[in-house]
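Participant: Next come the chains, spelled out residue by residue.
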Amino acid sequence: MRRTRALDRGRPAGRVALLSIAVLTLSALRGVVPALAQDASVGAQVDRSRIDEGGQVVLTVEVSAGNLGDVAPPDVSGIVDFDIVGGPMTSSRFQWVNGRTSATKSFAYVLRPRKTGTLAIPPLGLLVGGKTYRTGSVDVEVYPAGGAGIGPRGGSPRSGQRGGPGQIGGPGQMGGPGQMGGQQRAQPPPLAAPQVTVVADVDSRTAYIGQQVTLRVVLDTQTEILNLGMKDTPTFPGFWAEEIKLPENLEMRRVQRGTDVYNEYTLMKRALFPTGSGALTIPGMTYQIQVRRRSQDPIESFFFTPTETISRRTEPITIHVQPLPAASRPPDFSGAVGNFSLNVNADRRETRVNDAIGVKVKVTGEGNLSAVSSPPLAELSDFKRYAPKVSSSSTLVGDRLRGEKSWDYVLIPLAPGSQTIPSVNFSFFDPRAGVYRTVSSAAIPIQVARGADGSVGTGGASVAQSDVRQLRKDIHFIKQAPDGLEDRSRLFYRAPLFSVLLLLPVVGDLGLFVFTRRREARQANARQRRERRARSQARRRLKEARRRMSPSTSRAFYAEVARALTEYVAAKFDTSAAGLTHDRIEELLSSRGASDEVRREFHRCLEACDYARFAPTSSGDEQMRRTLLAAEEILVRLERSLSS
Amino acid sequence: MTLIRCAALAALALLGSAAGARPVAASTSRELFEAGNNAYELGRFDEAATAYEKILGYGVSDPRVLYNLANSYFKQGKLGAAILHYERALRLDPSDRDARDNLEFARGMIRDRVTESEVPYPVKVVQDVLDGLSANLVGAVFLLLYCAAGGLVGVLVLARGHAGRRALGYCAAAAGFLALVAGGALAYKIEQITAARAIVMEEKVDVLSGPAADNTVLFTVHEGTRLEVRNRRDGWYQVSLPNAMSGWVPSGAVEQV
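Chains D and C supply the protein sequences, listed in that same order.
If you count the first sequence from 1, position 400 lands on 400 in our numbering, and the numbers rise without skipping.
Start counting at 1 in the second sequence, then tack on 644, and there's your number in our numbering.
Do not take every clue at face value.
[Unchecked claim] Per label pair, the in silico range of CB-to-CB distance:
#, chain 1, residue 1, chain 2, residue 2, range
1, D, ALA120, C, GLU748, 35 to 45 angstroms
2, D, LYS473, C, GLU685, 18 to 28 angstroms
3, C, TYR832, D, ARG490, 40 to 50 angstroms
To be clear, the hints were calculated from the coordinates, so they are not data collected in a lab.
Every value quoted in this text rests on a predicted model; they were computed, and no experiment measured them.
For every residue, glycine included, the Cβ atom is placed at its ideal position computed from N, Cα and C.
Here chain D stands alone, though its shape is the one from the complex (with noise of 0.2 angstroms):
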């Protein structure tokens, strides 16, 4: 292959500052220029349409506009057919032709399929300018594993960009094949055109799905390059591409090609990652150069700076993906390829129930990290065991991408003595040995003391508690009748008995009243039975007291008198005689409203009748027929009195 020599040749360091001040003005016309009326315009697509089912596949939702300021990443929770195992992962580029500016921003997210058969990636929404944009949706087809080859690139197609760049420069002539490796290079044309290749080139050409392969692009020059740019923002369908960044400063390294001496710049760096097996390719990409033009004219060169505006375009390269040996996989292998260590540390070794301790599981090593999902530390009985804080970062060492996984646990202790977190387990595939690897840490044993309060068992302050959930509800269990059944229709108030006894206390009470009524009139009757003969049997007695008045029976007679008197009082007042005191009939006679002459005259009645009986002489007629005189007076007015 033929080259021919660059005509112009610049020193490399101005050459260099030339290029670096084009890339600053292009950034900062990026915040001046005003917005245009422009709608934006989003788009989604796959790098594969089919893949084998344990495969991944990038989606990349790309929106353009003439000004995007701040766009979010797309709503990506109606993706219900895939995991996503890794995005988003952002890039925007920006672009200034002919005076019209047009941005573009791009989220790429690697999904692996839950499923096999046709999967729809929904339409996502994106936020732009407070205005919703939503992207069609993309089918992916999901083979059962092995069954599947690697088919063509997207799905959808996607939105049509505008704002495009119009092709400044003439057409790109590939060139054949380059001269090392499977290096393919753009010629430059045969005559008066600067000597400007640019290469992309790989570091294998054979991989495993997720072993990283090298991506370089190489500008060799022999001019002078004033402007550079990217027709279209890189695609690489089919892998998982991470950036490696170059320094703002293109570094130049000068080579020598046969008798030529080029200036070399690598123009970008990309670690790719295949999701899926097959043969994958890299597609070409079309960079714009502007360069200076050699012109005949001095006066044009002395006071114009002559430029033209040259496209070279890559070639495609094409990876042999193999995918991952299906014999010997381990069970716990998640998807990491590369080549890590595992450190599990606790925190501390010593602690107390309730007591929070934190675990850290670490993986690190040469790989992407990104797809590993599965937490590698056991549920524990004896601790109670909150979900992981997961931290990724990767970093590049070299051009070789170092993953670093951690999973940050808090484990509270829940029963006293001598505990274990058990050893962990990671499996990864080694590409480079072509085998899967396990790595294990020892288990740490924890020494678990009783809770500052004494607390054996679970519970206590320090545990933060939760409300019980209800996760589902049926109805409570059939019952069981370890007693025997009974019939319990029969309701006591609808018994007979329930009735009687409901009459019972109303009969009952309404018998003791008429009772109690009757025998109180019973009583009453014998009073006043009593209280009516009261005065003929005093009468009866003063006739039998007349009969004795004589001097030899003056006793018998004042007895009888004053016996006629009391029982008479006793009668009226339905009382007993023999416990009639003469204070005592007082008090009666007076209650019924007896004349004090009368009562005088009953007490001195009586008081003779007392004095005659016990005196030791006889008294005469005459004074015993005043007596009785006496008395038959006073039981006329006590009647009349008394009845009154």
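The hints should help you fit chain C onto chain D, whose structure is shown.
Facilitator: Chain C only, in chain D's frame:
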């Protein structure tokens, strides 16, 4: 005196007759119950329901049988029959929390949402307490208090001393008041038990404006909805919902609790 003696004798005679009348199918019903429970546990709900129904056919109305039967119907997806038997179980044993929960759960699955009229909080509390007590218990308490009040009145009639009569009077009044409260509670229980309620047993029943098929369809109720039966007329029930909507349904489409 003779009256009291007669009443006491009558009461004794009734007690004796009540104690003597008991079903004798106890052993077979118990076996059937075990068989039903076993079938239920094995998931053969129709078989279980048949066994439980047979027990009820013997006249052994045990709330547990009704509850288990309701569960069997529920598991078979017969919502109307399940609700009907939960209601029946609760009538016999209102304190059964399981039946109450299951009834509520089953009611949550019926199509008709009928809002019950709001009851003020104090009334609700009293209702809840009473709903948890069996009618027989309330009846017994009422009778005890009633008889106590009656007895105290009787003693009062016989008593003589002034102070004693006063104390007795207070006691009798208190017992009488409590008996009155218990009587109110019993009346509530009786109302609850005797309330004519029916459960819709068919998936969908049209409620008509009159007791004949050619009447206007007023509204439609669905399986499991509880209706108040207000009137009966040859093969038709006049029913109403708690929100006062009412109409006529064929008696075959509903089942009385």
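Participant: State for each hint whether it applies.
Facilitator: Evaluated hints:
For the pair ALA120/D and GLU748/C, the beta carbons lie near 42 angstroms from each other, so the given range of 35 to 45 angstroms is met. At about 20 angstroms, the beta-carbon gap between LYS473/D and GLU685/C stays in the expected band of 18 to 28 angstroms. For the pair TYR832/C and ARG490/D, the beta carbons lie near 20 angstroms from each other, so the given range of 40 to 50 angstroms is not met.
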